[in-house]
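A.B. asks: Make the complex out of the two chains shown on their own, each in a separate frame, by following the hints.
Chains X and S, in that order, are what the protein sequence lines are.
Read in order, the letters of the first sequence correspond to residues 0 to 486 in numbering that gives the first Met the number 0.
Read in order, the letters of the second sequence correspond to residues 0 to 260 in numbering that gives the first Met the number 0.
The hints are simulated quantities; they were obtained by calculation from the structure and are not laboratory data.
Take these hints with a grain of salt, some might be off.
What the hints assert, rightly or not - Below, computed lysine-lysine pairings styled on DSBU-like, alpha-carbon distance capped at 35 Å:
(1) Lys241/S x Lys480/X
(2) Lys241/S x Lys288/X
(3) Lys288/X x Lys84/S
(4) Lys241/S x Lys38/S
(5) Lys84/S x Lys126/X
(6) Lys177/X x Lys118/S
(7) Lys379/X x Lys107/S
(8) Lys126/S x Lys379/X
(9) Lys139/S x Lys480/X
(10) Lys152/S x Lys118/S
(11) Lys295/X x Lys25/X
(12) Lys177/X x Lys29/S
(13) Lys288/X x Lys147/S
(14) Lys139/S x Lys101/S
(15) Lys29/S x Lys480/X
(16) Lys101/S x Lys288/X
(17) Lys379/X x Lys241/S
(18) Lys191/X x Lys288/X
(19) Lys139/S x Lys379/X
(20) Lys101/S x Lys295/X
(21) Lys480/X x Lys84/S
(22) Lys249/S x Lys295/X
(23) Lys480/X x Lys118/S
(24) Lys288/X x Lys107/S
(25) Lys249/S x Lys379/X
(26) Lys152/S x Lys379/X
(27) Lys147/S x Lys379/X
(28) Lys288/X x Lys118/S
(29) Lys480/X x Lys38/S
(30) Lys107/S x Lys295/X
(31) Lys147/S x Lys38/S
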Amino acid sequence: MGVSTLILVVLALAAAGYIAGRMKAKAMERAGARPHSRSGFHAAHVMNWVLLPSLAVIVLIVIARPIIVDNAVRAEFPAELRQDETQSNLIAGMVSQIAGGLTLLDEGEREQVRVGLVPLRPLLAEKGVALGGADIEPFMVRAADTLNGLNSTFSGALWLLTILAAVIGGALGWLQIKPEMRARNRVETVIKGVLIAASAIAILTTVGIVFSMLSESLRFFSMVSPVNFFFGSTWDPRFAAADSTGDEGGQYGLLPLLWGTAYISIIALIIAVPIGLFSAIYMAEYASKRVRGIVKPIIEVLAGIPTIVYGFFALVTVGPIIRDAVAVPLGLGSSGSSVMTAGVVMGIMIIPFISSLSDDIINAVPQSLRDGSYGLGATKSETVRQVVLPAALPGIVGAVLLAASRAIGETMIVVLAAGVATRISLNPFQEMTTITVKIVSQLTGDTEFTSPQVLVAFALGLTLFVVTLGLNIYALHIVRKYREQYD
Amino acid sequence: MKDGDGALMGDTKVSATNVNVYYGEAHAIKDVSVEIGDKAVTAFIGPSGCGKSTFLRCINRMNDTIDICRVTGSILLEGEDINAKSVDPVQLRARVGMVFQKPNPFPKSIYDNVAYGPKIHGMATNKPDLDAIVESCLRKAALWDEVKDRLDKPGTGLSGGQQQRLCIARAIATSPEVLLMDEPCSALDPIATARVEELIDELRDSFAIVIVTHSMQQAARVSQKTAFFHLGVMVEYDDTDKIFTNPSDKRTQDYITGRFG
Ligand SMILES: Nc1ncnc2c1ncn2[C@@H]1O[C@H](COP(=O)(O)OP(=O)(O)OP(=O)(O)O)[C@@H](O)[C@H]1O
Ligand SMILES: [Mg+2]
Numbered sequence: 000m001g002v003s004t005l006i007l008v009v010l011a012l013a014a015a016g017y018i019a020g021r022m023k024a025k026a027m028e029r030a031g032a033r034p035h036s037r038s039g040f041h042a043a044h045v046m047n048w049v050l051l052p053s054l055a056v057i058v059l060i061v062i063a064r065p066i067i068v069d070n071a072v073r074a075e076f077p078a079e080l081r082q083d084e085t086q087s088n089l090i091a092g093m094v095s096q097i098a099g100g101l102t103l104l105d106e107g108e109r110e111q112v113r114v115g116l117v118p119l120r121p122l123l124a125e126k127g128v129a130l131g132g133a134d135i136e137p138f139m140v141r142a143a144d145t146l147n148g149l150n151s152t153f154s155g156a157l158w159l160l161t162i163l164a165a166v167i168g169g170a171l172g173w174l175q176i177k178p179e180m181r182a183r184n185r186v187e188t189v190i191k192g193v194l195i196a197a198s199a200i201a202i203l204t205t206v207g208i209v210f211s212m213l214s215e216s217l218r219f220f221s222m223v224s225p226v227n228f229f230f231g232s233t234w235d236p237r238f239a240a241a242d243s244t245g246d247e248g249g250q251y252g253l254l255p256l257l258w259g260t261a262y263i264s265i266i267a268l269i270i271a272v273p274i275g276l277f278s279a280i281y282m283a284e285y286a287s288k289r290v291r292g293i294v295k296p297i298i299e300v301l302a303g304i305p306t307i308v309y310g311f312f313a314l315v316t317v318g319p320i321i322r323d324a325v326a327v328p329l330g331l332g333s334s335g336s337s338v339m340t341a342g343v344v345m346g347i348m349i350i351p352f353i354s355s356l357s358d359d360i361i362n363a364v365p366q367s368l369r370d371g372s373y374g375l376g377a378t379k380s381e382t383v384r385q386v387v388l389p390a391a392l393p394g395i396v397g398a399v400l401l402a403a404s405r406a407i408g409e410t411m412i413v414v415l416a417a418g419v420a421t422r423i424s425l426n427p428f429q430e431m432t433t434i435t436v437k438i439v440s441q442l443t444g445d446t447e448f449t450s451p452q453v454l455v456a457f458a459l460g461l462t463l464f465v466v467t468l469g470l471n472i473y474a475l476h477i478v479r480k481y482r483e484q485y486d
Numbered sequence: 000m001k002d003g004d005g006a007l008m009g010d011t012k013v014s015a016t017n018v019n020v021y022y023g024e025a026h027a028i029k030d031v032s033v034e035i036g037d038k039a040v041t042a043f044i045g046p047s048g049c050g051k052s053t054f055l056r057c058i059n060r061m062n063d064t065i066d067i068c069r070v071t072g073s074i075l076l077e078g079e080d081i082n083a084k085s086v087d088p089v090q091l092r093a094r095v096g097m098v099f100q101k102p103n104p105f106p107k108s109i110y111d112n113v114a115y116g117p118k119i120h121g122m123a124t125n126k127p128d129l130d131a132i133v134e135s136c137l138r139k140a141a142l143w144d145e146v147k148d149r150l151d152k153p154g155t156g157l158s159g160g161q162q163q164r165l166c167i168a169r170a171i172a173t174s175p176e177v178l179l180m181d182e183p184c185s186a187l188d189p190i191a192t193a194r195v196e197e198l199i200d201e202l203r204d205s206f207a208i209v210i211v212t213h214s215m216q217q218a219a220r221v222s223q224k225t226a227f228f229h230l231g232v233m234v235e236y237d238d239t240d241k242i243f244t245n246p247s248d249k250r251t252q253d254y255i256t257g258r259f260g
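Same shape as in the complex, but just chain S (with noise of 0.2 Å):
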């Protein structure tokens, strides 16, 4: 845990009331509220299926495209609810980006997987200028090194770890304002799990970072809230350290302590 954390953080950047997510007739997330800050890096934990994902995906409507799923209450982003009609959702996507939890690289080169996002928003005019993005994401998600001799090989061929790497790199790529990481780390070994929290440190600076996590460590490594999730209900959310030394709700206690989940 970082000291003077809540001096950095910045304002609130996302602000969720209420949302309810339903899959069909299934309640996936039942009346969360929470407030994300800018300039800070929140933590989503919580045991498996507990709907993490689900209201990760709310932040940047990703949930548009699964046909069955209906999402209630209001997200706002810089205080313009991202549900209103005059949201356009591909352009919330462009300032709020993803690294899923599977790893979903395009069957592109790797180059191009990385260069998609500033090519469709014309981040890059030349060649040079897309160049130097591709290179410095890949630097980002400590990607470089193994794959410069390759950029113009498929991104499939890669191993799970570098493709989870690799989707990092392309969601940075488009600099988003909120970046929403689902269990960036998941197939990572420790030096380039360490490597990938440095960058979340780094991009704190300039973005709102939420990180889906399964490991305590990591969630009191590199954020400063964190948020408790628990059949579809937040059961707290507080600064990392009060949530890992002094949780207020039992079931947080029992999670973190390794009692179930």
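Next up, chain X with everything else stripped away, as it sits in the complex (with noise of 0.2 Å):
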């Protein structure tokens, strides 16, 4: 029986400390007593004691259990064989395959196999196991019986701990319901700390993944000095040699995929800001009620479109148009990926939330200043653009920051619709590429993650986590800000 059954027993060990609490607590109103928390309030409480202790017990063992098999394991190792991590690595893994094996005999079988009567391989084909790698030595049989032994004790220790602590966590629990006992500030300390504890694993895995990126983007740093790459205006990684390890083997700078991310979402945010904003001022300020209730969600319906189906767009539809009727007439170029196509179809995608983020704040802003604007014989105009704008105009530009660094993590669009050419070039009818772009390119295909050539996506998201970040920091700033205006 496994943890989730485990689980499951803890559970209803939990409701039944519930209903034991408060029949507890409701006899003890019956009886006269005025308690300072309600009989829920000290369920709750109870509840709290049997989950509280348990499932720390689970979670120790369960995160123990793996490190303390696996030392107990390799201590059967011989000497020579701990030296070598990746061996020992893999006969470990051997090891557990065995043990696997081990449980699908019978005692009498495994007795023969421990003193070497019978070959453990054609055995457990026998039972269907096929045995890979290195020969099975007499040590492996013994590792794995040593595995398979501690695993049970494991289990049942996992199974006699939680329970114990369950019931005996609940009957202390119990015991404690009295009527001056504040049961309800001790349950509301556990909703908060719960409530922590799920914030702290949202931002632990933040953190995780930074240092993730940070950590192989220092290794390709090792590798490549961080002013070639910041600073190198030529981004020419070559193909990794076989063992390439160490060795530079190509040109990483940064500038052009910069260039490129920059240009396709000052693009994007060109035609985005004025048509998402304009379409919010209408929908906010002009559009009736029902005009409203009908377009506001056709918009956002462009925000829930894959962006991958942007990128087709882009491809079939927008990239052949800008080619044949501006590009090539005008002689700037001659494919249809370019940078213009690429700005422009991103810049539809963020429409949606430029317009629905601004249509909020306009929205937000208080109708008394709206009042005030028409009760002095302003137009409808001149209130929007002198009472409402200025008032929206901080929450404003945070979406309008929101939107674009959407525009500068965006891929599929730029894979379809901008090329994968690196170049720094003014002409937007040409082929460009960003830095998602190249991200996506250097991680894909079978070149080892131990070469400049993989790790400088590390360093490449790292620089485009950073830049996202910066503008995502900005924007809350400001919103804040402006919040803090009217309260």
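C.D. replies: Here it is, written out as structure tokens:
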């Protein structure tokens, strides 16, 4: 029986604790006491006393178990094998296979295997377990035995200790029920703790992501100098030779990618900001409730379209139109993939972000401000221009910055619509590419995670992360400042 | 109460007949007819929720901005129906100014708050003119001394009572013919209140003023005519002296003597 069954048992015990606690608290109330907390809180308090210790035991054992078992197994390995980490890892994998196989045998067969009477491999093959890799040596069988033994000990201990913790905890909690016990405050504390734990997990994940990127980036920067990366104007990673670890083997100039990213994002914003903002103003200030109820969801549907679909749209429709109608007649380019195509389509993609966020922000401008302006004889457009927009401006800037960080992180549209050529050029009808696209192309393929060709992806990712994080923080800062104005 | 008020009073400025206001299904104003005199102060009193603000907002068509609000009946400003198709509410509101019940300064500087109206109506051609308007309006609203050193600071940073005076200054900056004041002194201390009442008295020489107030003393002090509203109905409308000394309706009597409301 696995951990999930155990958790179900613990939950059942918790429910029992809840009911028992409730009954006692109710009885107390009936007896005429005026308890500090309502019976529900007492019940929840008992439940917490069941849950918290037992879940703590489960977590502890589940975390500690593989570490202890692994150590014990490796203790069986010959000393010279323990020196070689790669080899020990292989053997450890083998041992766990053997251990799995051993559980399929009956006790007699196992004994025969242990003393070496019967070879293990054919025996297990008979049972349908194919052992791969190296020859089986006696110490592996011993190690596998240790593994199985420890595992079953641990399973038993897990159940025993958990249920013990649940029952003792529940009993202690139940005994604490007294009229003056501040169950409500304690339950609130536990709720707060659970909420804090949830947000801690979210934050720790982010930190973990950053650190993994950071450590890989540092490896990259130990091979390629940061100066060449951040200020290099040529992107030419070349293909990694088979054993190219430590060999530079290419140039990793960030600037062309940064330029492509910025250029495409700027075109996207030039398109999306006016359209998004004007449609937001229309929806918030001019449209009737009915029209708004129809238009707003339609615009928001745009936000739900997967970006790959926008990519098709760019590739099949927008790209050829821009090429045939503008680029070729002007002699500026002959490719359907271009900065312009990607920028236009990306602009279309971020319109709903800008319009929907700005619409909310404009709506949050208090009606009393509009009334004040109308009351002075201002027209609708005067009111919008001179009162509503200035009041909403910080929030709108925040919305635009959020949209910008979307644009900067966007990949699919660029892959399909902007091409893969790296270039620093002002002509928007040429192919260019962005940081995200290069991350994808450096990580796909079967190069090893030790060559700079692959590691550069982490450095790029980190750069992108820092840029968008900066934008987001700035946006949030502005949005927050804006909120304070009316509270 | 001032003596000889009747003598000072001019002709009818605003004349409302059988005005009904509905918020969706709710009937907020029931068949109200009233004549508001020019160069006089008219006070609206009545218990909370009786429709004073709603009726006030009919006079400059601010109810147009509320989707669910429907107004019937006729309101004439100098004999012209303000609800007629030919009347532009924007122009109407330039003539009929309003100070709202809740102070609502724009999130702009104090100066720009007051200059807002004059700017959009092109009342000042150059900066010195505008400066003069701003200063005189802030002085009239008894705010100048407190803000003269911080005219470029946001109006939203003022205290509640200062904001209320700022909104008064803002409203009189457009030199309206009719000034609607919805509880303009609700957040003011006695000194500022006295100053605003002086202002009202001053403005009375040139404008028609309608003031909503919950203070009987204030109504008695500043107004020549008083209308008592109750549950959307205008119960009584008469000379202020008469209302406060010898009301003809029992409900008015009960309200001004504090027996309900
Ligand atoms: N925007 C609105 N939508 C729906 N009903 C409204 C609206 N404004 C006012 N009402 C209703 O109309 C009635 C009159 O409201 P009004 O604001 O005119 O009262 P009032 O006399 O000004 O009260 P107070 O002295 O509290 O300001 C109230 O019953 C109110 O609930
Ligand atoms: Mg009111």
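A.B. asks: None of the hints should be skipped; say for each whether it holds.
C.D. replies: To see whether the hints hold, each was checked on the structure:
Between the alpha carbons of Lys241/S and Lys480/X the distance comes to roughly 53 Å, so the proposed pair goes past 35 Å and is violated. With a CA separation close to 47 Å, the supplied pair Lys241/S and Lys288/X exceeds the 35 Å bound. Only pairs whose Cα atoms come within 35 Å are accepted, and Lys288/X paired with Lys84/S is accepted, the gap being roughly 23 Å. Proposed proximity of Lys241/S and Lys38/S is supported: the alpha carbons are some 19 Å apart, at most 35 Å.
With a C-alpha separation of about 95 Å, the suggested pairing of Lys84/S with Lys126/X is violated against the 35 Å cut-off. Between Lys177/X and Lys118/S the CA atoms are separated by roughly 71 Å; this puts the pair beyond 35 Å, and the hint is violated. Simply put, Lys379/X and Lys107/S have alpha-carbon atoms about 18 Å apart, close enough for the 35 Å limit, and the pair holds. Straight-line distance between C-alpha atoms of Lys126/S and Lys379/X comes to about 25 Å, which keeps the hinted pair within the 35 Å bound.
Proximity of Lys139/S to Lys480/X is assessed by CA-CA distance (about 34 Å); at most 35 Å being required, the pair is judged to hold. Taken as a hint, the Lys152/S and Lys118/S pair is honoured in the structure, with Cα atoms around 19 Å apart against an allowance of 35 Å. As the CA atoms of Lys295/X and Lys25/X are separated by approximately 52 Å, the hinted pair breaks the 35 Å bound. Taking the CA atoms of Lys177/X and Lys29/S, the gap is about 61 Å. The hint is violated against a cut of 35 Å.
With a C-alpha separation of about 43 Å, the suggested pair Lys288/X and Lys147/S falls outside the 35 Å cut-off, and the hint is violated. Between Lys139/S and Lys101/S the alpha-carbon distance is near 20 Å, which keeps this suggested pair within the 35 Å criterion. About 45 Å separates the Cα atoms of Lys29/S and Lys480/X, which puts this hinted pair outside 35 Å; it is violated. For the suggested pair Lys101/S and Lys288/X, the alpha carbons sit about 25 Å apart, so the restraint of at most 35 Å is met.
Of the pairs offered as hints, the one joining Lys379/X and Lys241/S is violated, with about 43 Å between alpha carbons and a cut-off of 35 Å exceeded. Using a Cα cut-off of 35 Å, the hinted pair Lys191/X and Lys288/X is violated, with the two alpha carbons roughly 40 Å apart. For the proposed pair Lys139/S and Lys379/X, the alpha carbon gap of about 29 Å is at most 35 Å, so the pair holds. Between the alpha carbons of Lys101/S and Lys295/X the distance comes to roughly 31 Å, so the proposed pair stays at or under 35 Å and holds.
Note on Lys480/X and Lys84/S: the hinted pairing is violated, with a Cα-Cα distance of about 43 Å set against a maximum of 35 Å. With a C-alpha separation of about 54 Å, the suggested pairing of Lys249/S with Lys295/X is violated against the 35 Å cut-off. The hinted pair formed by Lys480/X and Lys118/S meets the criterion: a straight-line CA distance of about 28 Å does not exceed 35 Å. Among the hinted pairs, Lys288/X with Lys107/S is consistent with the structure: their alpha-carbon atoms are about 29 Å apart, no more than 35 Å.
Our distance criterion of 35 Å between C-alpha atoms is broken by Lys249/S and Lys379/X, whose separation comes to about 45 Å. Between the alpha carbons of Lys152/S and Lys379/X the distance comes to roughly 26 Å, so the proposed pair stays at or under 35 Å and holds. Distance check on the hinted pair: Lys147/S and Lys379/X sit about 31 Å apart at the alpha-carbon level, within 35 Å; holds. With a C-alpha separation of about 32 Å, the suggested pair Lys288/X and Lys118/S falls inside the 35 Å cut-off, and the hint holds.
In summary, the hint linking Lys480/X to Lys38/S is not supported, as the alpha carbons are separated by about 46 Å, beyond the 35 Å threshold. With a CA separation close to 30 Å, the supplied pair Lys107/S and Lys295/X stays within the 35 Å bound. For the given pair, Lys147/S sits about 30 Å from Lys38/S by alpha-carbon distance, which is consistent with the 35 Å threshold.
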